[in-house]
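**Q** Chains as they are written, first to last, in our numbering: chain A, 12 to 903; chain B, 12 to 903.
The reader is advised that the hints may include incorrect statements.
Any copy will do: because identical chains look the same in the list, a pair fits if it lies in one copy or spans two.
Simulated pairs of lysine-lysine, DSS-like, Cα-Cα distance not exceeding 27 Å [unchecked claim]:
{"id": "1", "residue 1": "Lys656", "residue 2": "Lys419"}
{"id": "2", "residue 1": "Lys442", "residue 2": "Lys839"}
{"id": "3", "residue 1": "Lys666", "residue 2": "Lys656"}
{"id": "4", "residue 1": "Lys90", "residue 2": "Lys137"}
{"id": "5", "residue 1": "Lys68", "residue 2": "Lys778"}
{"id": "6", "residue 1": "Lys814", "residue 2": "Lys743"}
{"id": "7", "residue 1": "Lys666", "residue 2": "Lys718"}
{"id": "8", "residue 1": "Lys813", "residue 2": "Lys407"}
{"id": "9", "residue 1": "Lys666", "residue 2": "Lys442"}
{"id": "10", "residue 1": "Lys813", "residue 2": "Lys778"}
{"id": "11", "residue 1": "Lys401", "residue 2": "Lys130"}
{"id": "12", "residue 1": "Lys668", "residue 2": "Lys656"}
{"id": "13", "residue 1": "Lys95", "residue 2": "Lys714"}
{"id": "14", "residue 1": "Lys130", "residue 2": "Lys282"}
{"id": "15", "residue 1": "Lys86", "residue 2": "Lys814"}
{"id": "16", "residue 1": "Lys662", "residue 2": "Lys318"}
{"id": "17", "residue 1": "Lys666", "residue 2": "Lys654"}
No lab work stands behind these hints, which were simulated from the structure alone. Owing to the predicted nature of the structure, the values given are computational and were not obtained by experimental measurement.
Protein chains: 2
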Amino acid sequence: MTKKYVYFFGAGKAEGNKDMKNLLGGKGANLAEMTNIGIPVPPGFTITTEVCDVYYKGNRNYPPELDVEIDENLKKLEKAMNLKFGDPEKPLLVSVRSGARVSMPGMMDTVLNLGLNDKTVQGLVKMTGNERFAYDAYRRFIQMFGDVVLGVPHNEFESILEAKKKELGVTLDTHLEADALKDLVREYKVLIKQRTGQEFPDDPRQQLDMSRDAVFGSWMNPRAITYRNLHNIPAEWGTAVNVQAMVYGNMGEDSNSGVAFTRDPSTGQKKYYGEYLPNAQGEDVVAGIRTPLPLDNLKEEMPEIYKELTDIFETLDSHYRDMQDVEFTVQRNKLYMLQTRSGKRTAAAAVKIAVDMVNEGLISKDEAILRVDAELLDTLLHKTVDPGIKEESVVKGVAASPGAAVGKVVFTADHAVEMAQAGEDVILVRKETSPDDIHGMAAARGFLTSRGGKTSHAAVVARGMGKPAVTGCEAAIVDEDREEVRIGEVLIRKGDIITVDGSHGKVFLGEIELQEPSIGGDFATLMGWADEIRTLGVRANADTPQDARTALEFGAEGIGLCRTEHMFFGEDRIRAVQDMILAETTEARRTALDRLLPFQKNDFKDILKEMQGYPVVIRLLDPPLHEFLPSYEELLVEITTMKAKGCEPEKLEEKEKLLTRIDRLRELNPMLGHRGCRIGITYPEITEMQVRAIFEAACELTKEGYKIIPEVMIPLAGHVNEIEVARETIDKVIKDVIGSHGVELTYMVGTMIELPRAVLTADEIGKRTDFFSFGTNDLTQTTFGFSRDDAEGKFLPYYLDKKILSDNPFETIDTGGVGELIRIGVEKGRSANSALEIGICGEHGGDPRSVEFCHNVGMDYVSCSPFRVPIARLSAARAELINPRKGRTKTK
Amino acid sequence: MTKKYVYFFGAGKAEGNKDMKNLLGGKGANLAEMTNIGIPVPPGFTITTEVCDVYYKGNRNYPPELDVEIDENLKKLEKAMNLKFGDPEKPLLVSVRSGARVSMPGMMDTVLNLGLNDKTVQGLVKMTGNERFAYDAYRRFIQMFGDVVLGVPHNEFESILEAKKKELGVTLDTHLEADALKDLVREYKVLIKQRTGQEFPDDPRQQLDMSRDAVFGSWMNPRAITYRNLHNIPAEWGTAVNVQAMVYGNMGEDSNSGVAFTRDPSTGQKKYYGEYLPNAQGEDVVAGIRTPLPLDNLKEEMPEIYKELTDIFETLDSHYRDMQDVEFTVQRNKLYMLQTRSGKRTAAAAVKIAVDMVNEGLISKDEAILRVDAELLDTLLHKTVDPGIKEESVVKGVAASPGAAVGKVVFTADHAVEMAQAGEDVILVRKETSPDDIHGMAAARGFLTSRGGKTSHAAVVARGMGKPAVTGCEAAIVDEDREEVRIGEVLIRKGDIITVDGSHGKVFLGEIELQEPSIGGDFATLMGWADEIRTLGVRANADTPQDARTALEFGAEGIGLCRTEHMFFGEDRIRAVQDMILAETTEARRTALDRLLPFQKNDFKDILKEMQGYPVVIRLLDPPLHEFLPSYEELLVEITTMKAKGCEPEKLEEKEKLLTRIDRLRELNPMLGHRGCRIGITYPEITEMQVRAIFEAACELTKEGYKIIPEVMIPLAGHVNEIEVARETIDKVIKDVIGSHGVELTYMVGTMIELPRAVLTADEIGKRTDFFSFGTNDLTQTTFGFSRDDAEGKFLPYYLDKKILSDNPFETIDTGGVGELIRIGVEKGRSANSALEIGICGEHGGDPRSVEFCHNVGMDYVSCSPFRVPIARLSAARAELINPRKGRTKTK
């Protein structure tokens, strides 16, 4: 049997249906489906996507059977319409539209009124009794065909049109009478002859073939290729071509065209939402030349049509079991549906519709989960800038912490505090932030820095605080002395209002209206279903009791990463930290550490109490010690100035001594330097203090009746001997503290897996640890050899732009490289220790695709920023639905 | 049958032999062997190493059979000697010595004269007719036993001895008469009672048991454990205990003791080498109290003994087929051999002996190769500091480039040039060197820097130039302004002479005599044999024609890494390089690159011509661009000073503009930054210029009749798409240049594999490349997460010291982690492209154990510093002998 290349629909019956999207494209499949379920659709036929594939594989030749099939289907169509293609009396007119599996901009879209020529236009005049209408359709056809099929620029037709209106002294197209339109037809044809060297084709069948060629040709135009590459759409999919009998919404006041949604796409409420234009074609509605009327008007103007239309809405909504986005035309009091498809919606609407449809019995909970794009939830959890706003951002940087904020610009932490106390909203703008700025960051609404990426101090602190931040905004030249930022020609001074959009890395001048977060009842319902389904635990990365509370509110089941270094930055303790670092002897270091112990203990007590009943993974000190010291360069400038201007020699000497100390500690590549467990190994007294603080806090709380589950995490280990040495210190202190308190305590000692070497020796390391937590931020840095801060400010945007990398590997796990390592690590770890608890605490823990990867690779939990916990919960549920895990149950 | 725990030797027959070292220890096995081949050895027996293992595994209990076996063997020994243990008339006296498989310091060594007590000493008097001798033996026994078995400090015995000598007004021990020695025996016993609370044991059998216990006990003392850990010796190996009848070299002028080598251990010449002391025990020779006489003296004094002894030398040398290190004693004109073992030797001797023995028909070429420790060759290739020198170094740093040099200290490159032109040898001392110092480095004999590790600029340049460098010498505070270095209390000024030992990272004040390199005919012979045997190619890392010449002289078969960036640093081109980097537009960058092109082309021409007939791997620009710019901090200081002192605003503005530019380019972690292929991808015009320079050079030379084989290497790729993009540029230029020259050219395009991600996707990358070169320096940095510069100056020494890491992974490939990745990379690469040429160009390519690894993993070649090529050649041959490779043949 030969292949079938063309599928007919019409007269209540179609050869295709909605499940044949791969063959007929989305539009074609849905036109067939609507036909089959009795909805009035102008008849037509679809040339399949296979033809497109055959066409390209065969060096732009069509399958030989195609022509015959088209002829047959044209005949059927003529019969269904009782019209004849090219007939001067009763001409059949058609539209030609592209239609791929998924909606794809960049391709040829539509040619309307195809079949008109100087003869058939007379038939149209007769059929409609309206010469002006007929010639308007004709000149529109020539314009569209000339533009999209023949490639004559659109604006050249518009110039002729404008000239004609000017000549006749009219302003609106609709005021052009039949004669003027006849002129236009003539003039358009001349233009086409001039530009293409060919006559405009009169033969309707030739018009059809050329339009078909244009649709298939547009599948390979640069814009379409770029779009496909961006969305990973294979070229083999191809596009279909839909040929459909024309209906007209512009045949008078008893005609109209409209678009509608079966539910409200912005709130999700179950009420029809749409607009229509009387006496207009569909393209007029979209073009926005006249203001459309709300659908309610139709109820009054054409109650029967309205009833028929809304009945169709109900039918489609429940037939497709999803909110539909439809197009319709009423031609002389007769309703035709031209398109239906699942409608785009806001995050809030997505949640509400999914939950409502479960309650309406239309879909299952599983389907509801699969209906909501997890990434979209982010917009529900923060104030956001409406993505559709007209305002242009003044500059772009790294989208370092999501959400948006409006405030007055300040350049110092102290000013931030001052103005915040005076009741002002402020945005802190710095070259980069440092521990010294913490109080100012707590007071500000959002941050803008000119240096640093997503792992910069500003970014990390901002995400922890749930405040928006744009970092690495290199085009913004921040002059902290003069208190101003220069962005090209624009100068922003202290006190000027700006809006920072940390979700998109944008900065706007002035105040932009923000959308409020909306975590309604439906949101909670959906999350509850997700929790029933998922087998992957979700924890949060949280450093403070405040973070912990947020995490719990968002549904976290523990803390997967509590960074202890942020506790070192507090104003009341940074001095002791610096004394500890600059200590010349172990004794002096111990003395400084003794001063820190009570602070750390209280910090841990607060956070452990907040998280009672849940595990809390506490990471031992990780950053290189020089991060806690004053900036080398600032000190260098200070000393140089002192020297140049002259000053007391003792003072200078003291400063120079400090400079030398800092110089010895600083590193060429701090990311790969003396940090992580390397600190606790070379200075075991630091580990001792931290472990003592954790377990004294835990024991005291246990005595008070709290259930406390600490998990001590050794950072940046790469060799099992590091674990051995670290555990020697850790185990000794734990034994000592628990022994002296005489309490029972469940705890674990584990490690972060964030170096390739740790992965490759995960079997050895797994034997000596209770848990692994994949630190995918650093693992990505070392696997790619990318310093995130440097990469994101320099070559990474170029790489993403040129598609050298399809995704930013710091946002979505690079499954080919980093993911491969994770797989090896999980396998080796479990092979050595089947009880090993395995999670992830890199920022990927809150990225939907990465969560799915973690589920598939067999992790016990993911841990992410508190504000991304709901995203992770939903993603985990989706992952379970797509790939159910056997044998493993959710870790609480 | 029960196990045998004790092995007898004596009376011309032994139960053991030389192949039983594992059971009898080295000493015991060789005593047995000598006995068997008829060499006079005092009889005795060996308690096996198994007893040691059983002892420790059984909680320090001996196997029950042991006592009986010792009794039996003591009887045999009594019979062989015709003496009786504990007999007051004819007492048997024995020595007790430890003896493990390999010589191991830190353990109990020796107890002599065991069996003496107040009664048996009388027997000794009678037998020798020498009361003084007998009591001297007795007091020595008590002293030794008290010290090594009972743990009474040696110096307490010495104090008593000194007091006695003072009392009697004598200076030499030998002047103490019998009565004085009797006093000492009494006083020693009192001391032992005081210190241990126990009487000195009189029973010879108890003395023997206690000594045996002490030997086995010393196997687990901390020094022995540390030594074992350092040398990877398993605790299970255990030590044996040798009990042997005493012979005395101190029985008068007809007696003596000596040590000798069967060949000269420092030159390898085939002539006996040794010394002896008349009327002395062996320990006296070693202790160096009297000056021993050369062996030639014995020829005159005791010609028969000398004949017998040298006959034994010949026998042993040819029986063991290796130079032997022997101990002997002549007791009353009778010769006894007490020990034989393979003698330690210098590198020169090792080479000469190995070659000589092949010529003498004693060993095969294969054995000769296996006899020479490849690492030792290094000392033959550079001037070196004699490792045995007495002088203490004033400071230690990183051993960054091997060899040693003496010269006057200078602090600037210009001074270095100036003084070198005046005929002085100079050592350039800097905080760190930079491209600006190149001319000074070329003029200096060696370098000392206070910052940077083995990959610092100074280190890399020094190794390339074959000059010694000590870097990262943090204890040396370099003040370049005052032209002085302060090391603790020591101040070194310009013009002071120092010696830098780059092989050991040491710096000496003043001039130290250096050993000359010695690459004699034997060296060449051995290397020739190595080349016949090995299947692994050896190339060199060379950046200049000079390097290339050295590499060829040392036997390199190509260049495995030619770094193009060093060509950028030349005085005549650095300006164009900086203009290129600071260019604001692609056009401006191209203009600067056009200025560079002729320089690069000439560079490549020179080096390619030098290497004609051999492949030359040329790496495209690798370091981050900011490395070529002036130092940010220096400029900052300059600007700050200008500001403080006031200056022309335009000048300041210009400087500030430059500072901003540099600030934007510099990176937090340059190692993981915008470097490697990322540069050539974002600025393809740089790649274009380099590839054009390479291929124009190659084509022009080809036309001149040279055979040129360029291999273009893309650095730091981690994703196949990077290769795709880079190759697009590269292939186009190659086609263009070759096409326009119209020549035939064999070339390759490949990549460095130096990132974990490249390894994990080596199958994808292998499909698009002709060769892989493992860049194990960076691969080690990323796999471990170690910045080499930072690690070596900070925590790595601690890690090595505490045995957290057994080897420096930057010197020897970490087989557990980095090696695992290399294995994966080779396998994936070859699976995708069986023709893939695979090599290594990290510094590991010159490390013997790493070369062995590369051989085993199936690489085609290693590439290393020119000065390490011979080491690699020998190591490759050894690897082939140990693990012959099937199916692969050497790459030429």
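**Q** Hint by hint, say whether it matches the structure.
**A** These are the hints, each one checked on the structure:
Taking the shortest alpha-carbon separations for Lys656 and Lys419, neither the intra-copy value of 36 Å nor the inter-copy value of 36 Å comes in at or below 27 Å. In this assembly of identical chains, Lys442 and Lys839 lie within 27 Å of each other by CA distance neither inside one copy nor across copies; the values are 44 Å within and 45 Å between. Proximity of Lys666 to Lys656 under the C-alpha cut-off of 27 Å is found in both arrangements, the shortest distances being 15 Å within a copy and 20 Å between copies. Only within a single protomer do Lys90 and Lys137 lie at most 27 Å apart by alpha-carbon distance; the minimum there is 20 Å, versus 142 Å between protomers.
Taking identical chains as interchangeable, the C-alpha atoms of Lys68 and Lys778 lie at most 27 Å apart only when they sit on different chains, with a minimum of 24 Å there against 55 Å within one chain. Taking the shortest Cα distances, Lys814 and Lys743 sit within 27 Å of each other only across copies (21 Å), while inside one copy they are farther apart (51 Å). For the homomeric pair Lys666 and Lys718, neither the shortest alpha-carbon distance inside one copy (49 Å) nor that between copies (62 Å) is at most 27 Å. Proximity of Lys813 and Lys407 under a CA criterion of 27 Å is satisfied intra-copy only: 19 Å inside one chain copy versus 49 Å between copies.
With identical chains, the CA atoms of Lys666 and Lys442 are at most 27 Å apart both within one copy (24 Å) and between copies (20 Å). In the homo-oligomer, the alpha carbons of Lys813 and Lys778 lie at most 27 Å apart only across protomers (21 Å), although the nearest pairing inside one protomer, at 43 Å, exceeds that limit. For the homomeric pair Lys401 and Lys130, neither the shortest alpha-carbon distance inside one copy (46 Å) nor that between copies (114 Å) is at most 27 Å. In this assembly of identical chains, Lys668 and Lys656 lie within 27 Å of each other by CA distance both inside one copy and across copies; the values are 19 Å within and 24 Å between.
Taking CA atoms no more than 27 Å apart as the test, Lys95 paired with Lys714 passes in neither setting, with 91 Å inside one copy and 74 Å between copies. Taking CA atoms no more than 27 Å apart as the test, Lys130 paired with Lys282 passes in neither setting, with 47 Å inside one copy and 120 Å between copies. When the C-alpha separation of Lys86 and Lys814 is checked against a cutoff of 27 Å, the pair qualifies neither within a copy, at 47 Å, nor between copies, at 87 Å. Within a single copy, Lys662 and Lys318 get their C-alpha atoms no closer than 89 Å, and across copies no closer than 80 Å, so neither meets the 27 Å cut-off.
Taking the closest pair of Cα atoms, Lys666 and Lys654 come within 27 Å of each other both inside a single copy (11 Å) and across two copies (20 Å).
When each numbered hint is compared with the structure, violations occur for hints 1, 2, 7, 11, 13, 14, 15, 16.
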